[in-house]
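Trainee: Line by line, the protein sequences are chains A and B. Quick note on numbering that gives the first Met the number 0: the first sequence kicks off at 0 and runs consecutively. Quick note on numbering that gives the first Met the number 0: the second sequence kicks off at 0 and runs consecutively.
The set of hints was computed from the structure by calculation and includes no laboratory data. Every residue, glycine too, gets a C-beta built ideally from N, C-alpha and C. Check before you lean on any hint, since a few could be wrong.
Cut-off 20 Å, straight-line C-alpha distance, at most; resulting in silico cross-link-like pairs (SDA-like, lysine to any residue) [said to hold, decoys possible]:
no.	chain 1	residue 1	chain 2	residue 2
1	B	Lys119	A	Asn13
2	B	Lys119	A	Phe16
3	A	Lys46	B	Lys277
4	B	Lys336	A	Glu21
5	B	Lys119	A	Asn35
6	A	Lys46	B	Pro24
7	A	Lys8	B	Ser288
8	B	Lys230	B	Asp220
9	A	Lys8	B	Ala66
10	A	Lys46	A	Asp64
11	B	Lys63	A	Asp64
12	B	Lys277	B	Thr287
13	A	Lys8	A	Thr52
14	B	Lys277	B	Ser288
15	A	Lys8	B	Ala114
16	B	Lys230	A	Asp27
17	B	Lys123	A	Asp64
18	B	Lys40	B	Ala16
19	A	Lys3	A	Gly42
20	B	Lys308	B	Gly51
21	A	Lys46	B	Thr287
22	B	Lys63	A	Thr52
23	A	Lys32	A	Val60
24	B	Lys406	B	Gly25
25	B	Lys230	A	Tyr30
26	B	Lys119	B	Thr231
27	A	Lys46	B	Ile344
What follows is a set of in silico ranges between Cβ atoms, one per label pair, in the way DEER data are often shown [as the list claims (entries may be wrong)]:
no.	chain 1	residue 1	chain 2	residue 2	range
28	A	Glu63	B	Pro131	43 to 51 Å
29	A	Val60	B	Glu209	24 to 32 Å
30	A	Leu43	B	Asp236	27 to 35 Å
31	A	Glu44	B	Arg387	37 to 45 Å
32	A	Lys8	B	Pro32	52 to 60 Å
33	A	Asp62	B	Lys406	35 to 43 Å
34	B	Lys146	A	Thr52	29 to 37 Å
35	A	Thr52	B	Asn75	27 to 35 Å
36	A	Glu21	B	Tyr188	29 to 37 Å
37	B	Asp142	A	Asp27	32 to 40 Å
38	B	Asp274	A	Ala41	33 to 41 Å
39	B	Glu173	A	Thr52	43 to 51 Å
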Amino acid sequence: MRIKVDSEKCEGHNRCFVVAAELFELDDSGYAKEVNDGKVPAGLEEKARLAVTNCPELAIVIDEDA
Amino acid sequence: MTTEPAKPPTEPVSDWATDYDIFDPGYVKDPYPTWDGLREKCPVAHTDRWGGSWMPTTYEDVRKIAANVDIFSSRNPLVATAGELAEPSPEMEERATAGAPPISSDPPVHTWSRALLLPKFSIKEVAAHEQPTRDLCNALIDDFIDKGRADAAADYAQQIPARVIASLLGIPQERAGEFTGWVQGFLEYGLTNVDLRSGAAMQIMSFLFEQIQDRKANPGDDLISYLLEAKTDGAPDPIPEPHVLGTCFLLMVAGIDTTWSSIGSAMWHLAQNPDDCKRLIDEPELITSAIEELLRAYSPVTMAREVTKDADYNGCPMKENDRVLMNFPAANRDPQKFANPDEVILDRPINPHIAFGVGIHRCAGSNLARMEMRVAIEEWLKRIPEFRLEDPEAVTWAGGQVRGPRKCAVVF
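If we strip away everything but chain A, and leave its shape as in the complex, we get (with noise of 0.2 Å):
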């Protein structure tokens, strides 16, 4: 699974850290961005579909395959 912010979209709600901190990282902003290259580590995919339906600017793309 991998997941990508499309930092055009993110306003830095910051609700996907807060649901998934292993995830994601803040810029001095509070504008998110994935973290290793958006691999969602085995264990985590439950808190990465989390972060996507919560993102209320549908700024986060989940790849469930990849």
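Dock chain B against chain A, hints included.
Mentor: Only chain B this time, still in chain A's reference frame:
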């Protein structure tokens, strides 16, 4: 100069789809059935009251309008009321030409004025204010815990954000009560009383002007001093003083009533739901999702947009300069988006609420507001785990563009 509203606001609403009144006392107290009705029948309502406005009530419509910043400008985020604000004095006009950036700005000014602020409101920066906020909450609780009763809105919720903002701006906390009054005058009572609103704006501006002059002479590590020295891509260097004043105005106006309303609504909810209190005490890790859920269910803020050119939106013939009320609270109760929207589910797993807005105007202070809510609830529950409303009928609500309880007596 003041002009009369198109329709006296005292007349009862005839049809909520075509004649809504956000100040109607019944609506202020319980707006949820109205929103449910509108979503079904007329998801973008209209009124001629208070100068006229449109009001979307679904999650999708509010999102779409927020995203279209070319047509829906933020140049006037408050629905101005019965009449025009008083002309500022020439002196004041010179001091305060910039509005309240970035909430009242569109790109490109919005872009740099927001970039200036965001680093000061990151999770990391906000964490530095957490312990002082805990101490403040405990000092407030000390004052009433032995009495067995308190007004959770007036004695607690209302007291917190003003002091946090004061500390952020480097203003003595003793003045917090004073500017809580001005902010309430501007944003709450002032929405239906233009003279009061003008007067409150002038008081806030004059006060901030003095504070800015003081920081120029005696810079500190507060936000006013930071803004006077700040640099960011695309911004003038130095940031013009009227802009600094406008941004400080925003922090004061947007950071107080709003958070106080959120904390107050949360307390009102908890006072009636002992099971939720118990859950938060037994499972303290739930607090993070609980805060998001309380924000969703009791979103306090409705900001406005102004239409820049004639446009048809979903069959609504919107004209240039029409106002649109961004009903974030109604969007967050939309059953198309949230299962069982009227239920407060502290561990609701999927909750992309837009209580802080959505799009480029997402509340810059959202992390600060969340921290204040979390700390206020945690400290209260540590010391007052069981409490209930003294008289549910005696609770009073403020409405309009910021909704929350203003009197909320509880016993314990």
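Trainee: Which numbered hints does this structure break?
Mentor: As far as the earlier hints go, 3, 4, 5, 6, 7, 11, 17, 29, 30, 32, 33, 34 and 36 are violated by this structure, in ascending order.
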